[in-house]
Structures are given as structure tokens and as C-alpha cells.
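S.K.: Listed below, chain by chain, are the residues.
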Amino acid sequence: MTAFLVRRLVAGVLTLFAIATISFAVCRFAPGSPFTSEKNVPAEVRRNLERKYGFDRPLVVQYGIMMSRYVRGDLGESFQYRGREVGELVWPGFAVSARLGAVAFVIAMFFGLALGVTASKWQNQGPDYAAMSTATLGICVPNFLLGPLLVLVFHVWLTWFDPTGWPENWWTWAELKKLVLPACTLAFAHIAYVSRLTRAGMLDVLHKDFIRTARAKGLSEWSVFLKHGLKNGVTPALTYAGPMAAYIITGSVVVEKIFAIPGLGTHFVNSALNRDYSILMGSILIYSSLVIFFNLLVDLMYAVLDPRVRMN
Amino acid sequence: MRLAAVLSLAFAIAGCDVRAVDAPAPAPAPKPAADAAEPQAPPHIEEARKLMAEAGYPAGKGFPKMELLYNTNEAHKKIAAAVQQMWKQALGIDIELRNMEWKTYLEHLTRVDYQAARRGWVADYPDPNTFLDMFITKSGNNNTKFSHAEYDKLIDEAGREKDPKKRLKTLEKAERILMDELPVVPIYFYVTQCMWRRQTDGLFDNALNVHPLKEILHGDGSKPFIMNTGAEPQTLDPNIQRGVPEHRVNINLFEGLTVYHPKTLDAQPGVAESWTSEDGRTWTFKLRACKWTNGRAVTAGDFVYGWRREIDPALASDYAYIVFNYIKNAKEYYDGATADLVLKGWAETAADKRLEAVAELPAQVQKRHVAALQKALDAEKNEAVRGLLSKAITAAPDRADISVDDVGVRAADDRTLVAELVAPTPFFLYLTSFFAYFPIPKEAVDKHGDRWTRPENIVSNGPYGMKEWVPNSHILVAKSPSYWDAAKVRQPQIKFLPHDNVTTAFNMFRAGTCDYIDTVPLEFVDELKKDPDFHSVPYLTTYFYSFNVTEKPLDDRRVRRALALAIEREKIVEKLLKGGQSPAYSMVPPSLAGYEAQPFYVKPKK
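As they're listed, the protein sequences go chains A and B.
The letter at position 23 of the first sequence is residue 22 when you use numbering that gives the first Met the number 0, and the numbering goes up by one with no holes.
The letter at position 186 of the second sequence is residue 185 when you use numbering that gives the first Met the number 0, and the numbering goes up by one with no holes.
Take the hints with a grain of salt, since some may be wrong.
[Unchecked claim] Under the rule of at most 27 Å between Cα atoms (straight-line distance), these lysine-lysine pairs were calculated in the DSS-like manner: (1) A:Lys-38 with B:Lys-144; (2) B:Lys-285 with B:Lys-262; (3) B:Lys-352 with A:Lys-51; (4) B:Lys-172 with A:Lys-38; (5) A:Lys-177 with B:Lys-466; (6) B:Lys-374 with A:Lys-51; (7) A:Lys-38 with B:Lys-152; (8) B:Lys-528 with B:Lys-570; (9) A:Lys-256 with B:Lys-77; (10) B:Lys-102 with A:Lys-256; (11) B:Lys-262 with B:Lys-487; (12) B:Lys-570 with A:Lys-256; (13) B:Lys-102 with A:Lys-51; (14) B:Lys-76 with A:Lys-176; (15) A:Lys-51 with B:Lys-343; (16) B:Lys-76 with A:Lys-256; (17) B:Lys-77 with A:Lys-38; (18) B:Lys-262 with B:Lys-551; (19) A:Lys-38 with B:Lys-262; (20) B:Lys-77 with A:Lys-177; (21) A:Lys-38 with B:Lys-285; (22) B:Lys-604 with A:Lys-38.
Calculated from the structure, these hints are not laboratory results.
A quick note: this is a predicted structure, and the numbers were derived from the prediction, not measured.
All chains should be built: construct the whole structure from the sequences, respecting the hints.
M.R.: Okay, structure coming up:
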């Protein structure tokens with residue numbers, strides 16, 4: 000088990016290294032620079048700016064400096080926000096995205112499971128069709144459409160929720176309800192996946208022999224369904240949780256823009272547009288670490304559940 | 000994002016309706032110019048066709064491939080498509096549209112790697128000069144390869160002229176040349192479309208859309224006034240800031256010698272209670288007794304420090320030029336100190352970057368650099384670099400060493416500041432209201448370095464002091480008790496928001512979670528025109544098309560004029576933009592007092 004973990008960790012670090020290298024190359028070969036603007040500064044002023052940030056050094060040297068900083072855990076200095084370190088911008092952003100993601104995760108899991116279970120209980124009946132249509136809709140409607148739609152319905156028409164914002168505290172409903180629309184927007188597609196997986200899992204289990212045995216023993220239908228069916232039927236949905244967590248956190252870019260949430264996605268988009276390479280690289284590294292981490296988590300889960308995985 | 004970038008973003012009119020433009024009539028075969036009897040064609044189209052024929056492209060025949068470049072944005076796209084169609088209908092030419100992402104577009108613009116391109120220019124200060132001096136040969140913002148000796152001379156002359164009336168006349172002459180040559184074709188003048196509520200007292204419409212918030216009161220003042228600035232401030236260091244969002248915040252945190260009048264933008268006494276200048280060249284400012292938020296008195300020395308810091312090449316401030324273009328010896332100091340930097344870092348400069356690094360060196364070096372230049376030359380192999388280095392060595396001995404002490408700003412005593420300018424500058428008092436000329440608290444910079452503007456470190460001297468700064472979330476400022484005119488400050492707290500999404504900001508305004516927005520989604524403009532909270536005000540910004548005047552077919556003045564004439568500006572303004580913008584026939588907006596804008600064409604009265 001330890002060997003497995005070490006192997007995966009080393010692979011993870013190597014992947015990060017490759018990602019950093021490729022991103023660096025892509026950034027530097029993209030046209031434009033952090034220091035261009037519509038109002039051109041005199042050439043000598045721009046040169047001074049480039050000099051200040053080491054852009055006059057050979058690319059290899061710049062790459063080396065950057066990598067040695069990353070090894071020390073230092074994400075460097077922003078080009079766009081002068082005098083600010085990348086870390087102090089992206090980590091709070093990450094904290095925001097992670098909290099939004101956590102809420103969305105809970106929503107997706109709860110409603111996904113509920114819908115999936117409902118659908119399987121009444122397979123090919125009204126509730127099943129209703130639940131699965133919702134799921135299909137969730138997969139089809141992209142979040143850049145869903146977000147504004149929710150704003151239209153719940154803010155403009157019903158005036159239940161604010162259109163934008165981020166809670167200033169987490170203990171009053173007035174603040175907390177700012178999360179509802181963005182978290183639901185983010186969760187919707189995943190509700191769909193989770194419910195479909197749950198439905199399939201449940202149906203699979205409900206046709207198993209031991210369920211028939213349970214029924215034959217004279218257990219009540221609900222007891223059979225909840226106690227024996229549910230316990231085994233939700234496993235596929237749970238294994239989806241790992242990738243889903245990664246999708247949710249990395250997928251909040253659009254949702255953050257629509258709802259004006261100060262998360263990592265906002266930094267990611269703005270830094271790409273402004274060629275703020277250091278923030279861009281920082282966000283990329285955080286995002287990729289997350290994906291690597293959650294993949295590792297899933298693998299570990301499998302390894303715990305199924306010893307055969309550990310052997311390979 | 001800089002000033003202009005932010006503004007073009009803010010005023011990028013998202014989602015205007017292209018269907019509102021006249022549907023293309025099944026293009027009638029454009030008549031050759033000879034067919035002047037064509038009764039319907041208005042005179043400007045007639046003239047345009049004639050010019051095209053003279054240039055050798057009758058009815059567009061033989062017109063070379065031409066591309067119109069714009070940065071990706073709905074409004075630019077729709078305007079470009081409309082212009083493309085107008086040119087096709089009027090002149091029979093087919094041009095291609097090309098859109099590029101912002102930074103890529105800027106790169107093409109700067110390198111003049113385009114034929115025709117969309118651009119916009121926001122006034123740096125309310126004076127025609129800001130729209131004109133950018134087209135002199137040496138300007139970094141020319142971007143057209145337009146070079147006209149007489150034009151350069153007139154701009155230079157205007158810069159030295161003492162008599163304000165004569166100066167404006169000289170600038171008019173220059174604009175006349177620009178509008179005859181047409182390296183740039185004006186299209187329309189912007190308006191600002193901001194919203195604030197009736198219960199906010201003390202906010203005014205003005206031509207630069209800057210709002211000093213010193214005397215406002217929002218409701219009964221119990222809640223903060225919430226202003227959306229359009230983007231997260233990149234810094235709050237007045238020496239480094241460059242965009243509108245920073246400007247919106249910092250004119251309330253800091254105060255210069257003078258401040259903008261909230262309505263007219265005229266210079267009002269700020270830290271300076273009075274000033275005198277005999278010749279417009281030497282200015283003496285008498286400072287009032289006032290304090291920084293740390294309790295220390297604001298002195299003339301703080302201004303000297305701030306101005307010098309602005310032009311320290313090691314700080315690499317974008318707006319250094321707004322100081323060194325006007326203050327005596329400042330440019331010489333900046334150049335010399337830049338050469339110091341170049342030569343100091345010479346050993347580490349990449350071989351392939353050296354040519355770029357020395358490009359300006361011959362113009363920058365001073366006496367003291369000879370030895371270092373010689374050393375660099377001895378070790379250099381690249382011929383082109385060697386050539387520039389030798390040129391620098393020849394030039395250096397003739398140039399006096401200019402140190403920071405020679406720069407034309409000094410403290411006669413703690414409360415008297417003397418500024419010496421390169422030339423009489425009638426708009427100098429606008430500059431002293433500008434952030435590049437703010438005083439800077441040296442002790443804070445010395446103690447905290449580039450972290451001195453952090454909320455826990457910042458020391459400022461304006462009507463408001465920093466309370467909270469949460470990046471990408473908000474900045475909260477509160478009335479500063481140490482401010483000299485605190486009695487006049489009525490609003491206890493102001494909150495600045497950084498949202499760049501127009502629709503999001505507009506939603507917040509309507510939901511009451513924001514009290515000021517500086518742009519609205521275009522689809523709402525019609526509806527909002529009746530709303531008393533909506534303010535649409537002419538704005539000192541010109542939207543124009545820019546030509547690379549060295550490439551065929553745009554090297555021909557007649558072609559440029561024909562293209563300029565064939566754009567139906569009224570249609571673009573009334574049917575596409577619909578927000579009260581006005582058609583532009585001159586580069587300088589006509590609203591500047593005492594200046595007569597020089598249109599390239601005057602429509603005959605009906």
C-alpha cells in the first residue's frame with residue numbers, strides 16, 4: 000500500500016513538473032505581453048518594466064528562476080497587481096472556490112441520490128420519467144445559460160435571491176442565501192450524473208438474488224429497498240464523487256463570472272486575458288494539483304475496496 | 000488593465016442589435032465616378048467615388064486586399080461589419096474583417112502590423128493636446144507610421160507657446176493637417192452611461208467621468224456608498240497605478256496640490272492653498288497645514304519625493320512620462336538613470352535581447368557612462384549592438400550628467416513647493432490633480448517597500464482612509480479624521496466593488512447592492528433614457544479607425560479620404576449604438592472650451 004502511494008505521489012509530482020513546463024512555454028510563446036496596453040508607454044519606460052521583472056534575461060534563465068521558486072513553494076510575484084504575491088491572491092481565491100464547490104458538492108450528492116433512488120423505486124413510472132428528464136436537462140443546459148436563467152427566475156421574477164455576491168459570514172440566512180443560485184448552477188449538471196448513476200446502480204442491485212431472498216423472507220418492501228438495496232446501489236455514485244469534486248472546483252470559472260464571486264476562476268480568466276503569467280501559472284498549478292489529488296483519492300478508494308488494484 | 004483598456008471594456012457596448020442597421024439593399028452596382036449624374040448619391044459619397052477613381056480604383060476595381068482589425072468585442076464587430084458594408088455599397092470595395100483577442104491586437108497595433116484598425120483614445124486631461132500629440136513621428140501611440148514634419152513642428156510649438164489663445168490656434172492648425180492627411184478616421188465620440196440614485200447627493204456629470212467623493216452624501220449616510228469601479232485595482236500606489244478603477248479609489252484616499260472640481264474638473268485648491276506663476280514655467284505652490292493619516296504634517300518634501308519616485312526608472316511607472324514630459328530635467332534624469340540600469344544589468348542581459356536593450360541607449364547616455372559603455376563594447380561580438388554602443392560612446396561626453404537633484408521640483412521650505420517646467424504648460428494645474436503628481440509618504444515606503452499600500456500599512460492624506468481591502472471582493476474606506484477639510488466630508492463610509500461584468504453590475508444596481516455603476520448593458524439604454532437615475536454624458540474619448548499609411552492602398556491620401564467619407568456615422572450612432580454618442584468628423588471632441596475642432600468634412604446644410 001505504501002509503495003503504491005509513493006509511486007502515485009512521484010507520478011503526481013512529475014505530472015505537475017510537466018504541466019508547469021508546458022504552461023510556461025505556452026505563456027511565453029503567446030502573442031502579447033503583460034506590459035502592453037492601449038495607451039503605449041514610451042519604449043524606454045516599457046523596457047524598464049520588463050527589466051524589473053527579469054524579462055530581459057534569457058528564457059532558460061527565467062524558466063530556471065521560476066522552477067526553483069516553485070520548488071520552494073513560492074508562486075512568485077504578480078505582474079498585473081504590482082507588489083502583490085501570487086500566493087496571497089490565489090489562495091484566498093481558492094478558499095472561496097473550494098467553499099462554493101463544497102456546497103455545490105453536497106447539493107449535487109443529496110439531490111442526485113434522492114432523484115436516482117426515486118427513479119429506481121418507481122422505475123418506468125411517473126416519478127422515474129420526471130427525475131430522468133430533470134437529469135437529461137441538467138446535462139444539456141450549460142451553466143452559462145443556467146446561471147442567467149436562475150437569476151431571471153429567482154431574482155427578477157420571484158425576488159427570492161440576490162443576483163450576485165459572496166456571503167460575508169456563514170451564520171445568517173441573509174448572507175448564506177447568496178450561495179444558493181451559484182451553488183445550484185454549479186451542481187445541476189452533477190445532480191444529473193449522480194442521479195443516473197444511482198438509478199442504474201439501484202436497478203442493478205434490486206435485480207440481484209439476495210434482494211429476492213430478502214423479499215422471500217417476508218421483509219417489508221421499504222426495508223428491502225432501503226436497507227439492502229440502497230446500501231449497495233449507491234456505490235457507483237460514490238466512486239464518481241472524486242472526479243466530481245475536481246470537476247466542480249475547476250468548473251466554477253463561468254459561475255464565478257456570472258455571480259461575481261471572488262474565486263480562483265476569476266483570477267484564472269483575468270490573468271490569462273492580461274497575460275499575468277505568474278498568476279496564470281499559479282492557478283494552473285493549483286487546479287492541476289487538485290485534479291491529481293482527487294484522482295489519487297479515487298485510486299486509493301478503489302485500492303481499499305478492491306485488493307486487485309493494489310497488486311498492479 | 001490600463002485606463003484605456005478599462006474604458007473600452009466599460010463602454011464596449013455589449014449586445015447591440017445589428018438588425019437595427021439598415022438591411023443591406025441588394026447592392027446596386029456602384030456607379031463609376033464619371034457617372035456623376037446619379038441623382039441619389041449624396042455629395043460626400045460622390046466625392047469619395049471620385050477620389051477612388053482618381054486613385055486608380057474606379058468603382059473599386061483593382062482595389063488591393065485590405066483587412067480591418069479590431070479586438071474581439073460585439074460592438075466593435077458590429078460597427079466594423081456596418082462599415083464594411085458601407086464601403087462596399089459606396090465604393091465597391093471588399094474588405095475583410097479580422098478580430099483578435101485584446102493583447103494580440105495590441106501587439107499588432109504597436110508594431111503597426113495591420114492595414115486598418117479600430118482604436119479609441121481617452122483624454123488624459125481635458126485639453127486638445129492629448130488627442131494630437133500622439134500623432135507626432137516619435138510618439139509611442141502614433142501606431143500609423145504617419146510622419147509629417149510640419150505637424151511635429153506645430154505640436155512642438157504649441158507646447159512652448161505661452162499665450163493660451165495662440166496655443167489653441169496652433170493646435171487647430173495641427174489638427175487641420177491631421178484631418179487633411181487622415182492617417183486616422185474619426186467615427187464617433189463616446190458618452191458615459193452611468194447610474195446613481197437620487198438619494199446620492201453631490202455626484203455630478205463631468206467630461207472625464209471622474210468622481211471626487213469628498214462632498215457626497217448617500218441617503219442619511221448610515222450605510223456605505225457602494226461604487227463599482229469595473230475591475231480589481233492593480234495597486235493603490237499613486238506612483239504605479241494606471242487605470243480607471245485605481246483612479247476612482249485613489250482620488251479619495253490621496254490628495255494632490257490641486258483637486259478636480261466634481262463638476263467642471265477645474266483645478267481647485269487641494270494640499271496647495273494658493274499658487275503663483277509669472278510665466279507658466281515656474282510655479283510656486285503654498286501648501287496648507289495638513290496631515291497624513293499617521294499624524295505627520297504633509298510637507299513640500301513629500302511632493303518632491305513623490306515626483307522623483309514617479310520618474311525613477313527602477314520603479315518603472317507607466318505614467319512616468321506624464322511627469323518627465325513637463326518637469327525640467329526630468330526626462331534627462333530618467334534617460335540617464337535608465338542607462339545606469341541597462342549598463343548595470345548588462346552582463347545578465349540575454350544575448351538576443353541586447354539589441355533591444357541598447358536601442359535607445361545612444362539617446363540616453365550621459366558623460367558618466369563612457370567607461371561602462373567602453374567595457375561593454377570591448378566584450379561585445381554582435382555588430383549591430385557594437386554599432387549602437389559606439390554611437391552611444393560618441394554621444395555621451397557631450398551630455399551633462401543629470402542627477403535627481405537637478406530635476407525641476409524642490410521644497411523651498413516645508414510649506415513651499417517650486418516646480419520648474421520644460422515649457423509653459425497651461426494645463427499644468429490639471430496635471431497636479433493627477434495621481435502621478437500626488438505626495439508620497441516616504442516613511443511608509445521605506446518601512447514596507449512595495450507593500451506600503453496594504454490596508455495595514457497605507458498612509459494617505461485624502462478625505463478618506465483605508466479600512467479594508469479584500470482582493471476581488473471590495474475596498475472599504477472611511478472618512479479620515481486627520482483630513483484638513485474633514486468638516487466638509489459628509490459620507491462616513493464608501494465601498495468600492497471590482498466587478499467587470501456589465502450585466503452583473505447592472506443587476507446589482509437594480510437589486511440595490513450597488514449605488515453607482517459606470518456602464519449599462521446596451522439593450523437597456525432605450526428603457527433607461529426615461530430613468531432619472533441614468534446619466535448619459537459626453538465623454539472626452541474618440542472612437543476611430545487607424546491606417547498604416549505606408550502600405551498600399553492606404554498610402555494614398557485620396558483613398559483614406561474616400562474611406563473616411565463613405566462611412567455613414569449618423570447611421571452607426573443612431574441605429575447601432577443608440578446611446579447618445581455623437582458622430583465624429585474631427586479627432587478632437589468639439590466640446591473643449593476655446594478650441595475649434597477641425598472636421599475633415601462638413602455636411603452641407605439641407
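S.K.: With reference to the structure, classify each hint as holding or not holding.
M.R.: Taking the hints in turn, this is what the structure says about them:
{"no.": "1", "hint": "A:Lys-38 with B:Lys-144", "verdict": "16 Å, holds"}
{"no.": "2", "hint": "B:Lys-285 with B:Lys-262", "verdict": "25 Å, holds"}
{"no.": "3", "hint": "B:Lys-352 with A:Lys-51", "verdict": "14 Å, holds"}
{"no.": "4", "hint": "B:Lys-172 with A:Lys-38", "verdict": "24 Å, holds"}
{"no.": "5", "hint": "A:Lys-177 with B:Lys-466", "verdict": "24 Å, holds"}
{"no.": "6", "hint": "B:Lys-374 with A:Lys-51", "verdict": "23 Å, holds"}
{"no.": "7", "hint": "A:Lys-38 with B:Lys-152", "verdict": "23 Å, holds"}
{"no.": "8", "hint": "B:Lys-528 with B:Lys-570", "verdict": "19 Å, holds"}
{"no.": "9", "hint": "A:Lys-256 with B:Lys-77", "verdict": "24 Å, holds"}
{"no.": "10", "hint": "B:Lys-102 with A:Lys-256", "verdict": "20 Å, holds"}
{"no.": "11", "hint": "B:Lys-262 with B:Lys-487", "verdict": "17 Å, holds"}
{"no.": "12", "hint": "B:Lys-570 with A:Lys-256", "verdict": "34 Å, violated"}
{"no.": "13", "hint": "B:Lys-102 with A:Lys-51", "verdict": "20 Å, holds"}
{"no.": "14", "hint": "B:Lys-76 with A:Lys-176", "verdict": "39 Å, violated"}
{"no.": "15", "hint": "A:Lys-51 with B:Lys-343", "verdict": "13 Å, holds"}
{"no.": "16", "hint": "B:Lys-76 with A:Lys-256", "verdict": "23 Å, holds"}
{"no.": "17", "hint": "B:Lys-77 with A:Lys-38", "verdict": "24 Å, holds"}
{"no.": "18", "hint": "B:Lys-262 with B:Lys-551", "verdict": "46 Å, violated"}
{"no.": "19", "hint": "A:Lys-38 with B:Lys-262", "verdict": "26 Å, holds"}
{"no.": "20", "hint": "B:Lys-77 with A:Lys-177", "verdict": "36 Å, violated"}
{"no.": "21", "hint": "A:Lys-38 with B:Lys-285", "verdict": "33 Å, violated"}
{"no.": "22", "hint": "B:Lys-604 with A:Lys-38", "verdict": "37 Å, violated"}
Consistency note: the structure conflicts with the earlier hints numbered 12, 14, 18, 20, 21, 22.
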